[in-house]
Amino acid sequence: MKLKKAAKMLLASALSLTLALSLTACGGGGGSSDSTGGGSDSQEASSDGAVNLTLWQPTDKEAVENWWVEKLDEWNAEHPEIQVKREAIDRSDSYAYENKITTAVTSNDLPDIFFVDGPAVSYYAANGIIVPISEYFGEDELSDFADSTVAQCTYDDELYAISATESSVALYYNKDYLKDCDVDVKDIESRTLDNPLTWSELAEIAEKCTTDNYVGTHVIMDHGEGLPYALEPMFISNGKDFISEDGSEAEGYVNSKESVETAEYLAKLIADGYANIDPIQDEFLNGACATMLGGSWDVAILEGSADFDWGVTYYPVSDSTKKAVSPCGDWSAAVSKNCEHVAEAGEFLQWLMSKENVASYAAAIAKPATRASSYEEESMAEYKDGPRAMFVEQLQNTAVPRPRTPSYSVFSSKYAEAMTNIFSDAASAHEVKTDYIQEQLDSVVSAFQEDYDMYYAN
Amino acid sequence: MSKQVKLSGRKKNERTAAYIFTIPAMFLLVAFLVVPILYTIRYSLFQYQIVRPDNISFIGLQNYTKLFQDENFWIALKNTVYFTVLVVPFQCVLALALAMLVSSKFRGVAIFRTMYFSPQLTSMVVVSILWTVLYNSNPSTGLINSMLTSLGMEPVNFLSNAKTAMNSIIFMSGWQGAGYQMMIFLAGLQGIPRDQYEAASVDGATKVQQFLYVTLPGLKGTIKYVVMITMIQAMKLFTQPYVMTQGGPKNSTKTLVYYIYTQGFQQGNFGYACAVAAVFFVIVVIMSLSMKKLIAATD
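Those protein sequence lines, which keep their order, are chains A and B. By the numbering used here, the letter at position 139 of the first sequence is numbered 143, and the numbering carries on one by one without gaps. By the numbering used here, the letter at position 233 of the second sequence is numbered 261, and the numbering carries on one by one without gaps.
What the hints contain is simulated information worked out from the structure, not anything from laboratory work. Where hints are given, some of them may not hold.
Unchecked claim - For the chain A half of the interface with chain B, some residues (derived, Cβ under 8 Å), not all of them: (1) Ala100; (2) Val109; (3) Thr110; (4) Ile133; (5) Pro136; (6) Thr215; (7) Asn217; (8) Tyr218; (9) Ile284; (10) Ser428.
No residue lacks a Cβ here, since even glycine has one placed at the ideal position from N, Cα and C.
Turn these sequences into a full structure, and let the hints guide you.
Put into structure tokens, the structure is as follows:
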């Protein structure tokens, strides 16, 4: 009898422990069993001696996903000694992808190669999360890439990342609707990079076109990174960038008199009802706004779906300086600190950034290529004229990368918060309050400076 | 003089078996609750940038000193308390009303039960995105503003106005969460003996009196439980501001959990985020204990 009880007890204990261990394995084993692999998994050479590299990138549209499948099959077939596996990570138009990288840093589980948004390069480089790749891209080769791309990917005189594509923002306009509103469309069409629309001209068009069913313009790309990305050129055009050139000072820049004026101009568009604080998805495409500060990627969307005649002109300039500036920057490939096969990763990136691959990738993702020579490729024929050519011209002549500072993520989120507050205040009060704008931009300076001084100032 | 009670062999064995059976739960509790809490407290004493775990330095209570002088922390605390104080009664009353409604026997009641419960089965992220569209200030997109304008009213900037954003989130959260509490209330209602209602009815009690003197006392235990869990859930508000408003406008929907997230992940101040989390933990414990005492006092 006692023996039976003891056996029962033993069985119960064994079951309990098995359950505990299996549950623990379920909870904690995600990293190793997950197909995202990365880190130590990817470091191991396979049994046939091949080096396995893992690459992370935000999930993209079908054409881009297909491009990757085709190209990686090609690479893996030609290079049995270096096998590359890509993991597409959902970004959800938010910070989910960046958060995944952050958690991978803390658990030392980074993939060998991962894509980072342009302005984040400085942050990752300053914190030693990515390693220099200058030796894989010589000066001759880099001279073929857009200056803005190289500048954005460089930190402390070292190249830390490399991008195949660029992006830009310009002013889209609904020709049909503008004609109905007696706006001189031919005048807009005749504008050049030396003579773009000014802010006051844009405000005038917006005023003419605002009705119960339409707003005159669209200036809020989103309430996150889209705000500094799309609006920084306005600040530069009016005389002051967000941050000092060395990336260490915000005082006297983003909160300067000129910057307050720029924010006032934007807030007035909202206060007067010419732009929505809360724009609907695809507001321009859905025929709900007359003009839009939109991205270069919108060309393909409008070509495919717009049921009205539209055009695109250069990024508007400040009335006081007339200085043409435009946004740029895109996702760039970088090699992580956890990569034990940097030379192989470098070799793969050299191949990935060849002029042919850059051209076909740019065509698939519908963005301008970073390499000048890629435009000679058949796949880039669409960039020879029309709206796409305008974006390339703008990128080559007026593009300015976002601030290169390791505290960019703090700056970006605080700036987005401040501008959202400014717009919200303008929308509620139907007026622009200079003191409030100053207060909000000062708060951006405080947050940035605190972070920079705490972690990076020597 | 205390007398040690001797347990029989059988009882001893049962007690040992009980301890053994708690091992998995205890193990998981320690691994996923106690250890993280201890680590949070530990890291709150360090200057720790999240991407530099190799370079952390002990700074004592500096994070806490900074926290109590941080205006954003107090705003987040105020918003969290505001949300909790409003959403708990709103959600509980709504849930009780729905439970009363679907506890009656009529044709198609099961459909109503399913309908009221269905928001609970939908991910909060999906619900938040849907309500962001419903709340859109443009009447051509936002269904609610479309209804308001068709009634001759001005459209409302529900989520982009600091005065209405949090209330809009409260309404949506109450709507989404009430289905779950409704099911608990429904179970509670079914536990009240029918003869109590019959006796009250014979005594001439009106429906309102029956509700006040039979239903509510009968649901006392259920109400305590529902209020407690709703309060704890409310204190953890994160998804709705994250998806719908990003803490804005003008910080009006910034909550403590959202603040912890932005400090820890967006701004990388992991040590400081841990300090906020530790204080938040203490606040939740104090509120839960106070609530428990308050409820015990009413017994």
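Right, here's what the structure says about each hint:
1. With 8 Å as the threshold, the beta carbon of Ala100/A stays out of range of chain B, its nearest partner Cβ sitting at about 10 Å, so the hint is violated.
2. With 8 Å as the threshold, the beta carbon of Val109/A comes within range of chain B, its nearest partner Cβ sitting at about 5 Å, so the hint holds.
3. The restraint placing Thr110/A at the interface with chain B holds, with a minimum CB-CB distance near 6 Å, inside the 8 Å limit.
4. Interface hint at Ile133/A: satisfied, since its Cβ lies 6 Å from the closest Cβ of chain B, which is below the 8 Å cut-off.
5. Taking 8 Å as the C-beta cut-off, the interface hint given for Pro136/A is violated, the closest approach to chain B being about 17 Å.
6. For Thr215/A, the interface hint is violated, since its Cβ never comes within 8 Å of a Cβ in chain B; the closest pair sits about 12 Å apart.
7. Because the closest C-beta pair between Asn217/A and chain B is about 7 Å apart, less than 8 Å, the hint holds.
8. Interface restraint check for Tyr218/A: the shortest CB-CB distance to chain B comes to about 10 Å, outside 8 Å, so the restraint is violated.
9. Interface hint at Ile284/A: satisfied, since its Cβ lies 4 Å from the closest Cβ of chain B, which is below the 8 Å cut-off.
10. At its closest, the beta carbon of Ser428/A sits 3 Å from a beta carbon of chain B; the interface hint therefore holds under the 8 Å criterion.
Hint compliance for this structure: hints 1, 5, 6 and 8 are not met, and every other hint is.
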